[in-house]
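**Student:** Construct the entire structure; sequences and hints are all you get.
Taking mature numbering (1 follows the signal peptide of the UniProt record, and there is no 0), I'd label the letters of the sequence shown as residues -19 to -1, 1 to 247.
Mixed in with the good hints, there may be bad ones.
What the hints assert, rightly or not - Under the rule of at most 20 Å between Cα atoms (straight-line distance), these lysine to aspartate or glutamate pairs were calculated in the DMTMM-like manner:
id: 1; residue 1: 189; residue 2: 41
id: 2; residue 1: 67; residue 2: 161
id: 3; residue 1: 67; residue 2: 160
id: 4; residue 1: 67; residue 2: 41
id: 5; residue 1: 129; residue 2: 109
Since the hints were derived computationally from the structure, they do not count as laboratory data.
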Amino acid sequence: MKKKSLALLMAFATMFAMVGCGNASGQGATEQGADAATSSDKKWVIATDTSFKPFEYTDDNGDFVGIDVDILAAIAEDQGFDYELKSLGWDASIAACQAGQADGMIAGASITDERKASGWVFSDGYYDANQSMAVEASSDITGFEDLKGQSVAVKTGTMSASYAESLSSEYGFTVTYFEDSPTMYQAVVGGQVAACFDDTPIMASNIKDTGISMKILENTGNDPAEYGFAIFNSDNQELIDMFNAGLANIKANGTYDEIIAKYLGE
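**Tutor:** Set out below in structure tokens:
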């Protein structure tokens, strides 16, 4: 009986030891899996302004489309990360990123030293664009010299606003601020303002696609600056790193050129 009892005790001891090892191994695998999934399973929240055609806008089906939208999608696929694109508007996108309600922003944002100094962290540039002035199609205005005593429209917080502000004293015009490009364009067409300043490819695309009664004036453009993807929190540096790596890859494999050609015919 003693030998039998001893054998049973040894058997139970072996079983418990195996169970204990199994639990420890299972817990370790779970923890390792959780650590490995921390980045890959994260859904990044990306803010944008979908009134910025052809870079980001809403099509007839209510879907977000445009150069920025397609570039982000191609980069995410290349780098294997998940994201949610939220259309918040320009100012609200910046505020959401600064408040931690969004992880990054893609909205045709020009890379400038001033923005970097104020907390923007940019990716590599993905498109060169400049700003210029447009007027109503039948307007007699031919340049900045004709703006004395007039009011011009800009979109709040943009490079085009800074450009107009830099010229206002020299040429004697005042600046009126709008929250989005379409409303600003309507103010030009409706005669509420004499002209507007905006990113050149944005205005060109709108004039071409919508037939809006506006024309871009020659010799009113500034020097081009690159657009960049942006974050406002260094904790999200991984997102910038993935964007840069993916951008390099889609440029190398031809996807980038296909996207640009799709919207601009370049």
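**Student:** So, against the hints stated earlier in the document, which numbers end up violated here?
**Tutor:** Per hint list: single violation, 5.
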